[in-house]
Amino acid sequence: MLFFPTVYIIIFKYIPMYGLQIAFKDYNLFEGMFGSPWVGFKHFNQFFQSTEFWRLVGNTLSLSIYSIFVGPILPIFLAIVLNYLINNKLKKTLQMVTYAPYFISTVVMVSIINQFFAIDFGPINVMLKKMGLAQIDFLSNPDLFPHLYVWTGIWQYTGFNSIIYLASLTGVDPTLHEAAIVDGASKLKRIWHIDLPSIQSTIIILMIMSVGSIMSTGFEKIYLMQNNLNLRTSEVIDTYVYKIGLASPIANYSFPTAIGLFQSVIGLLLIVIVNKIAQKVSEVSLW
Amino acid sequence: MVKYHSRVNRIRINKSDKVFDVLITLIAITGLLIVLYPLMHVVACSFSSAKAVQSGRVSFYPVDFSTQAYEVVFDYKDIWIGYLNTIMYTVVGTTLNVVFTILAAYPFSRKDLIGRGIIMKIYVFTMLFSGGLIPSYLLVKNLHLLNTSWSLWLPGLLSVYNVIVMKTYYQTTIPNELLESAQIDGCSNRRFLWSVVIPLSGAIIAVMVLFYGIGHWNNYFSAMLYITDKSKYPLQLFLREILIANTVDYTSLSGSEIKELLKKQEMKLLLKYSLIVVSSFPMLCIYSFVQKYFVKGVMIGSLKG
Chain A
1 MLFFPTVYII
11 IFKYIPMYGL
21 QIAFKDYNLF
31 EGMFGSPWVG
41 FKHFNQFFQS
51 TEFWRLVGNT
61 LSLSIYSIFV
71 GPILPIFLAI
81 VLNYLINNKL
91 KKTLQMVTYA
101 PYFISTVVMV
111 SIINQFFAID
121 FGPINVMLKK
131 MGLAQIDFLS
141 NPDLFPHLYV
151 WTGIWQYTGF
161 NSIIYLASLT
171 GVDPTLHEAA
181 IVDGASKLKR
191 IWHIDLPSIQ
201 STIIILMIMS
211 VGSIMSTGFE
221 KIYLMQNNLN
231 LRTSEVIDTY
241 VYKIGLASPI
251 ANYSFPTAIG
261 LFQSVIGLLL
271 IVIVNKIAQK
281 VSEVSLW
Chain B
1001 MVKYHSRVNR
1011 IRINKSDKVF
1021 DVLITLIAIT
1031 GLLIVLYPLM
1041 HVVACSFSSA
1051 KAVQSGRVSF
1061 YPVDFSTQAY
1071 EVVFDYKDIW
1081 IGYLNTIMYT
1091 VVGTTLNVVF
1101 TILAAYPFSR
1111 KDLIGRGIIM
1121 KIYVFTMLFS
1131 GGLIPSYLLV
1141 KNLHLLNTSW
1151 SLWLPGLLSV
1161 YNVIVMKTYY
1171 QTTIPNELLE
1181 SAQIDGCSNR
1191 RFLWSVVIPL
1201 SGAIIAVMVL
1211 FYGIGHWNNY
1221 FSAMLYITDK
1231 SKYPLQLFLR
1241 EILIANTVDY
1251 TSLSGSEIKE
1261 LLKKQEMKLL
1271 LKYSLIVVSS
1281 FPMLCIYSFV
1291 QKYFVKGVMI
1301 GSLKG
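Read top to bottom, the protein sequences are chains A and B. Under this note's numbering, the first residue of the first sequence carries the number 1, and numbering increases by one thereafter. Under this note's numbering, the first residue of the second sequence carries the number 1001, and numbering increases by one thereafter.
Hints in this document: simulated from the structure, not taken from any laboratory. Just so you know, these numbers come straight off a predicted model, no measurement behind them. Possibly wrong hints are sitting among the right ones.
Said to hold, decoys possible - Derived list of chain B stretches under chain A, where covered just means 3 residues or more per stretch with a C-beta under 8 Å from a C-beta of chain A: (1) 1062-1076; (2) 1086-1098; (3) 1126-1136; (4) 1145-1159; (5) 1168-1182; (6) 1195-1207; (7) 1281-1295.
The C-beta atom is built at its ideal place from N, Cα and C for all residues, glycine as well.
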């Protein structure tokens, strides 16, 4: 039974890893993957010394660190709110509505962003105008791009991400709460001393997993949100690899593969290191 | 006894908790509005007149009610080509996904699988490290899958994460005694999977269909990489052309009146809103029906595999 899936994994997951060797070669179409000459670390050196290097790594890291640290706050908050809502109808509605944006496709999401923040007819700018404030060009201002990217992501995924925290909140031993109630603890105190410590390990595990993807960002959304004016902060490693490797008219495979390999290796190292640290500090580990 | 009871009650409804309850309700309503507003705005715009949208007069309700935007969408041939292609890619793709996921997950759930630990490691490693964009593209190219449906089905055929979720489900819901008694009756593994395991896994299969299905429905990136033939474009690629790149293909419209209409800038803008509604509606509908399973699936996933 396991035969077909395993053959699949080897062909579609491990052969591309074997194909990573073109990062150390000068790939050309006529000689193929095996015939092309070895060039060692040439492409890596070229990347490290290029003027793009710091901009790409800087943009990638700042976008992902921003979303890793701001991202979980609202889902945890929402899970607590859901857990303590007395009105059951309101709870159901809130769940239904906040999960819904998860199902919107990236293309549609970016289009909604474009319409919503548009300078002349977008509701945000219309509101600013009514309040007598200056209008803001959200879409082409490179300094606002990270905020726009991260906060629209939060809007889309807070509901979905809260499910996991809600699940671990409902798993909290009810006798703890009963004891606290008898002792006269307020709900706020119970959240702080019972709920948050109980979901701590869930929070840490999700953090470790997100650190592993620190070098890769939401390519699909960023690529669609890019325009000539915001490229200074919106060009990340993923989009750059795609543009010079596959979207350019001259087939150039080795250099972008080297960049991609650099990215994957750093990601792998980070997840191993962070997991070690978490293991030492809080005895929570992925494996 | 009575005295004691009333004291407990007094503690329960202390003042700060009352304030807390009111506050939580207010926060919940605010959150609800923040998520709902952009969605309502899009729907409201799609039913408004082009002039009202362009001048920014629409917020929560349609202004100068009109269905013009929808007439344009229904006349736009590309959209319906995309729709049909996407339905085909989604149905076949999801079926393949689910079959392969079961084939991998069930053996992993059995303790008597030889070499289980090592094979599992081979699978899990692919979650942490991958060949990346260019080598994967070259593989698809070398297998001559470019511009075929297989290029959309094969590269993402199996999600190791989903295999782990499903494996965990089997381990927790199908008792070992069931297998033992079936084996005593001379039941083969294949038969056991087909007539015992699969009938018992309706809920988890629903979850998998939902997750893989959304992936196919919303996918534009692999189609952008692998599909060059416009008649094979999925819906999302056509959407990208119109919504993001702002290009309208006039040859795709049949009515000459509508062609004239679309030449106006504000009509192009209005078209976007109705397109967003038309393309997102099926997924949101399915979601509201299977919401129960959806939450359950994420919760199973949160168990450590």
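Going through the hints against the structure:
no.	hint	in the structure
1	1062-1076	violated (count 0)
2	1086-1098	violated (count 0)
3	1126-1136	holds (count 10)
4	1145-1159	holds (count 4)
5	1168-1182	violated (count 0)
6	1195-1207	violated (count 0)
7	1281-1295	holds (count 7)
The structure is inconsistent with the numbered hints 1, 2, 5, 6, although it conforms to all the rest.
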